[in-house]
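Engineer: On the provided structure of chain A, position chain B as indicated by the hints.
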Amino acid sequence: MGHGRPLTQVKYNVDGDLLMTVAKDKIVNLWYAHNGERIGTYDGHEGSVWSIDCNKTSTLVVTGSADNTARLWHAETGRMLHTWELPTAVKRVEFSHDDRFILMVTEERMGHKCGIYVFAVDIGAAEQSNEPVVVLRSTTAKFTAAAWGYLDKTIVASHENGALTLFDWENEEILRHSANAHESVITDLQMWKDGTYFITSSKDKTARLFETTTLNPIKMYKADTNINTAALTPTQELVILGGGQDSSEVTTTSSHQGKFESRFYHKVFEDEVGRVKGHFGPINTIAVAPDGKSFASGGEDGYVRVHHFDPDYFTFKYDY
Amino acid sequence: MSVFTENNLPASEAEIDFSDLENQFVVPEHEETLENVVVVDNIPTVDDSKEEKLVQVLKKIFKKHGTVKANGIHMPKDSSSGGKPKTKGYAFVEFETAQQAQSAIFNLNGYKLDKSHSLLVNAFMDVERYTEVNDEYQAPPEEPFEEREHLRSWLTDEYGRDQFAVYADQELSVFWNETAHPAEKVISRSNWTEAYAQWSPLGSFLCTVHEQGLVLWGGPSWKKLARFIHRKVKLIDFSPSERYLVTCSAEPISVDAVNQMLGPGNEHQNPYTIDDEGHTVCVWDAQTGSLLRSFPSVKSEDGKPVKSSWPQFKWSPSERYFARLNQNVGLSIYEASTMSLLDKKSIKIPGIQDFAWCPSLIVDPRTNVARPEMLAYWTPEEGNLPARVTLMSVPSRTLVRTKNLFNVFNASLHWHPKGQALCVRVQRYTKSKKSRFTNLEIFRACERDVPVDVIELKDCAVAFDWEPVGDSLRFAIIHTDDPTPPVTNATGIASTAVNTNVSFYAFERKGKVVKKEGFQLLKTFDRKKVTALKWSPHGRHIILATLRTISTFELDFVDTDFDQAAANKSGSPGDAITIISTGEHYGVTDLEWDPTGRFVVTSASSWRHSMEHGYILWDFKGEQIHKAAVERFKQFLWRPRPRSLLTEEMKREVRKDLKSYAKEFDEQDERRLHAADAELMAQRRRLISEWNTWREQVDEMLSHETDEALQNGYKLPIVADDQEFVVDEIVEEIIEENEEIIN
Chain A
1 MGHGRPLTQV KYNVDGDLLM TVAKDKIVNL WYAHNGERIG TYDGHEGSVW
51 SIDCNKTSTL VVTGSADNTA RLWHAETGRM LHTWELPTAV KRVEFSHDDR
101 FILMVTEERM GHKCGIYVFA VDIGAAEQSN EPVVVLRSTT AKFTAAAWGY
151 LDKTIVASHE NGALTLFDWE NEEILRHSAN AHESVITDLQ MWKDGTYFIT
201 SSKDKTARLF ETTTLNPIKM YKADTNINTA ALTPTQELVI LGGGQDSSEV
251 TTTSSHQGKF ESRFYHKVFE DEVGRVKGHF GPINTIAVAP DGKSFASGGE
301 DGYVRVHHFD PDYFTFKYDY
Chain B
1 MSVFTENNLP ASEAEIDFSD LENQFVVPEH EETLENVVVV DNIPTVDDSK
51 EEKLVQVLKK IFKKHGTVKA NGIHMPKDSS SGGKPKTKGY AFVEFETAQQ
101 AQSAIFNLNG YKLDKSHSLL VNAFMDVERY TEVNDEYQAP PEEPFEEREH
151 LRSWLTDEYG RDQFAVYADQ ELSVFWNETA HPAEKVISRS NWTEAYAQWS
201 PLGSFLCTVH EQGLVLWGGP SWKKLARFIH RKVKLIDFSP SERYLVTCSA
251 EPISVDAVNQ MLGPGNEHQN PYTIDDEGHT VCVWDAQTGS LLRSFPSVKS
301 EDGKPVKSSW PQFKWSPSER YFARLNQNVG LSIYEASTMS LLDKKSIKIP
351 GIQDFAWCPS LIVDPRTNVA RPEMLAYWTP EEGNLPARVT LMSVPSRTLV
401 RTKNLFNVFN ASLHWHPKGQ ALCVRVQRYT KSKKSRFTNL EIFRACERDV
451 PVDVIELKDC AVAFDWEPVG DSLRFAIIHT DDPTPPVTNA TGIASTAVNT
501 NVSFYAFERK GKVVKKEGFQ LLKTFDRKKV TALKWSPHGR HIILATLRTI
551 STFELDFVDT DFDQAAANKS GSPGDAITII STGEHYGVTD LEWDPTGRFV
601 VTSASSWRHS MEHGYILWDF KGEQIHKAAV ERFKQFLWRP RPRSLLTEEM
651 KREVRKDLKS YAKEFDEQDE RRLHAADAEL MAQRRRLISE WNTWREQVDE
701 MLSHETDEAL QNGYKLPIVA DDQEFVVDEI VEEIIEENEE IIN
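From first to last, the protein sequence lines are chains A and B.
Residues in the first sequence are numbered consecutively from 1, following the UniProt record's numbering.
Residues in the second sequence are numbered consecutively from 1, following the UniProt record's numbering.
Hints in this document: simulated from the structure, not taken from any laboratory.
Among the clues, some could well be false.
In silico lysine-lysine, DSS-like type, Cα no more than 30 Å apart, as pairs [stated by the list, open to error]:
hint, chain 1, residue 1, chain 2, residue 2
1, A, K11, B, K715
2, A, K222, B, K50
3, A, K259, B, K344
4, A, K142, A, K222
5, B, K627, A, K277
6, B, K715, A, K205
7, B, K185, A, K259
8, B, K627, A, K219
9, A, K153, B, K656
10, B, K53, A, K205
11, A, K259, B, K627
12, B, K115, A, K293
13, B, K715, A, K193
14, A, K259, B, K621
15, B, K50, B, K88
16, B, K523, B, K656
17, B, K621, A, K277
18, A, K267, B, K185
19, B, K627, A, K203
20, A, K56, B, K715
21, B, K523, A, K317
22, A, K277, A, K293
23, A, K222, B, K185
24, B, K64, B, K53
25, A, K219, B, K185
26, B, K115, B, K433
27, B, K621, A, K203
28, B, K115, A, K267
A few chain A positions that, by computed beta-carbon distances, are all more than 10 Å from chain B [what the hints assert, rightly or not]:
hint, residue
29, G4
30, I39
31, K56
32, D98
33, P132
34, S138
35, L175
36, S178
37, A179
38, T196
39, G292
Just so you know, even glycine gets a beta-carbon here, dropped at the ideal spot from N, CA and C.
Here chain A stands alone, though its shape is the one from the complex (with noise of 0.2 Å):
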């Protein structure tokens, strides 16, 4: 058993072997990604851990967490290298393109305005610094998510109502906003691999892609129940979609009732072309594999559930 509690984010190493997981329960997992055996832990969050991630040479692994810190650890020891106090809980972490900076989007809560603090990560220095580079503030309701654009320019945030930002962060000015992006919560965002387009999720029930340049909306995917996540694949036209009714509007146990299917789309045509059982929750968090040869899912139900794709999958070709 790795998490006794519902996962709040997979993620896949860019080499595609390492598979890190984060839950409610506080553990920080990783895993050999081709047969799910576990490596290790990451301890000493005392909270909820909500997000991580991992530098291209998967070397450092950065967590955020409900404690009020971000942990910076050796990946291959699990030595805990650094601790960034924040002032309230840590809801996404993200390396930049190029591993130099981290972000990190704060909670709104006890009087604490949300934020996304942006640090300097230096693998060769002995200490980081606590100082953030900068701190970009919301002008409307409260950050969800947030990732790096291309050539790490510009921050792409998401909000509690729906709406967008495109921020140039090193000048801490406000690039584009598009308040209407989404009619409900924002609940993931990423980037596809090099920064120019990314997916989004929402209780709308619907995943969006829009341009990071002008937030412009490209695709549309509809589902019929709440969407808590949202990823691309790397080699097919699909995407895939998690969610299901949260579990307060759950009337019955019955898996069929409660959509949690993982649902995979075309990227292009915007159609559903197939679904994966499974879980007994609501999907929270879907990565795909960088080679695109699985793709794992964490739900409200404490399982992770790392799916490698039939070959007919890759010989799948839409008609056109």
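Structural biologist: Below, chain B alone, put in the same frame as chain A:
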């Protein structure tokens, strides 16, 4: 008027001119209105000696409805005929208030003073107004003729498709049903209806329900065809051929309330008069939108309102008569042409529980003349009198057939849709009165002397449905031995899902195999949880469904003529009945066949539960064609088709040549499928090329900006690239091959 300045103040009040203010605030003198005066006509003419007595009589009558002013009764006299002056036969009665006068007019107009004198009571103002009418006739301006749209235009669809309406969330939409691709939207309007929607029985009108009343829509442009003002209307019902419309509201009609709703200046649109005050049910002409008559709700003898079922008025198949039940009291049959009671009185039938019109006009085969219309009713046991089912002919009111029944707990009347037979499902007590069972008493109504066949079941039949076609008189029942059998609602759906069995019966004439003429059990399906039966409108196929439960959602598609070979072999027609397929629709609440019997829609409505709403389209074989999940879905309604104009013979001809017709339609389907596919492919190619162009642009921009950034010192981390293998390749080449034989 002089203007005062500081130097020029008036010495006294008298010098000030108040005339302007006085004009402004003048109180108009009390105008003498005559609204409290009524004219009473048709009273006896009397001379002085009897005048006093007559005044006393009138006073006595009128004081019940208001205070007559002192000396308020005035009778003009005429002495021109010589002799003693006599009254002129009318009187003016002055009340305290106009309301009292209104009440007197409303209640006393037509009051019978004696045999030869009925009072005519009118408002004095009315008399005055009508005398002012111009004697010369003025023709009203001729309204230009406006051509109405073709109300049945949807039947001319080149593919012969059917339409259906879907009401979901706030939006009401009409679609063309498609099999190969998603339904094509015809029209969609949000907030088109406020409560629900309904088609008229032949499909000409779509009816929407609003706070102010209801509206009929139709024709190719879906414009408003007629409007019926009936505040807070709850229920609507059409006569069988759409000529009349009946509406019912929870709120009693109030002329003032309607006037208020229409706003000042629009009073002429108000269909109601003082006579309609307090009524709740209205009968309208559906074509013109005019009010024909309104009725009060049914009241019991002690004046308390009675809960009545809907439709409150049941129409005879010819639309010539409509009737309303007054439970335990009797039956009121009205003539549609005059909107008045048949023979001016209701029929007293003490204890009457329910009645039903024979739904079809039966043509006598010998004379080729339609027989008089017929209705059936039943009365329960009362003291020593047995329960009784009666068939009555209308308008003659002659009793065609009666049958006495015993130990009756309840009964329900099921007419065959073609009117050939009536099945009375009689729920009876066993002798010990501890348990119940069902008798089916089947009256063959179109045969001489109306023979009755009795089928005695061992358990309780909870639902009954005739196959809607054919001379074979087939029916299906749901029966159960559960000690508490569920009750069935008006649409034939049982309230709870207990373990039930489904049985099929058919009428068999005397023949080689059948020894005794009568109804034979064909087949029973055991241990089901069926709550509803739905025959296809063209017979043969039937669906056994578990609707409106929380645990079972099964659908069985049954073909009653499936295995003819087996039936012929064994000689029992029941062997042909087969469940050809089984389906499931999670949360299903309703089931409706399309009017052609080719498709079935099962739906899950948000009116009934909060689970997965939407509908599924099946074909008659039970293959799922299309599933639509619709948020806050409420209603699915197939547009009904008018009755076929083909005779039975012509239909047989068509059936005979079905193969040649089918070929044509198959080709058509094929063509459409190809066209649709080509369209979809073109659309996809367009999308993919748009995507690729965009990606190329972005890639170019990105590579350009990356170069720039790298020059400015941006560094991407070096990722160990395990793709770089050093591949040592050993190549062996055979240059020459020689074979030598070594000795």
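Engineer: Each hint needs a verdict: does it hold in this structure or not?
Structural biologist: Now the hints, each set against the structure:
no.: 1; hint: A:K11 x B:K715; in the structure: holds, 24 Å
no.: 2; hint: A:K222 x B:K50; in the structure: violated, 91 Å
no.: 3; hint: A:K259 x B:K344; in the structure: violated, 64 Å
no.: 4; hint: A:K142 x A:K222; in the structure: holds, 25 Å
no.: 5; hint: B:K627 x A:K277; in the structure: holds, 19 Å
no.: 6; hint: B:K715 x A:K205; in the structure: violated, 39 Å
no.: 7; hint: B:K185 x A:K259; in the structure: holds, 28 Å
no.: 8; hint: B:K627 x A:K219; in the structure: holds, 24 Å
no.: 9; hint: A:K153 x B:K656; in the structure: violated, 76 Å
no.: 10; hint: B:K53 x A:K205; in the structure: violated, 85 Å
no.: 11; hint: A:K259 x B:K627; in the structure: holds, 16 Å
no.: 12; hint: B:K115 x A:K293; in the structure: violated, 102 Å
no.: 13; hint: B:K715 x A:K193; in the structure: holds, 17 Å
no.: 14; hint: A:K259 x B:K621; in the structure: holds, 28 Å
no.: 15; hint: B:K50 x B:K88; in the structure: holds, 13 Å
no.: 16; hint: B:K523 x B:K656; in the structure: holds, 29 Å
no.: 17; hint: B:K621 x A:K277; in the structure: holds, 29 Å
no.: 18; hint: A:K267 x B:K185; in the structure: holds, 26 Å
no.: 19; hint: B:K627 x A:K203; in the structure: holds, 23 Å
no.: 20; hint: A:K56 x B:K715; in the structure: holds, 12 Å
no.: 21; hint: B:K523 x A:K317; in the structure: violated, 50 Å
no.: 22; hint: A:K277 x A:K293; in the structure: holds, 18 Å
no.: 23; hint: A:K222 x B:K185; in the structure: holds, 19 Å
no.: 24; hint: B:K64 x B:K53; in the structure: holds, 18 Å
no.: 25; hint: A:K219 x B:K185; in the structure: holds, 23 Å
no.: 26; hint: B:K115 x B:K433; in the structure: violated, 56 Å
no.: 27; hint: B:K621 x A:K203; in the structure: violated, 39 Å
no.: 28; hint: B:K115 x A:K267; in the structure: violated, 90 Å
no.: 29; hint: G4; in the structure: holds, 30 Å
no.: 30; hint: I39; in the structure: holds, 18 Å
no.: 31; hint: K56; in the structure: violated, 4 Å
no.: 32; hint: D98; in the structure: violated, 6 Å
no.: 33; hint: P132; in the structure: holds, 21 Å
no.: 34; hint: S138; in the structure: holds, 27 Å
no.: 35; hint: L175; in the structure: holds, 15 Å
no.: 36; hint: S178; in the structure: holds, 18 Å
no.: 37; hint: A179; in the structure: holds, 24 Å
no.: 38; hint: T196; in the structure: violated, 5 Å
no.: 39; hint: G292; in the structure: holds, 15 Å
Checked against the numbered hints listed earlier, the structure breaks hints 2, 3, 6, 9, 10, 12, 21, 26, 27, 28, 31, 32 and 38; every other hint is satisfied.
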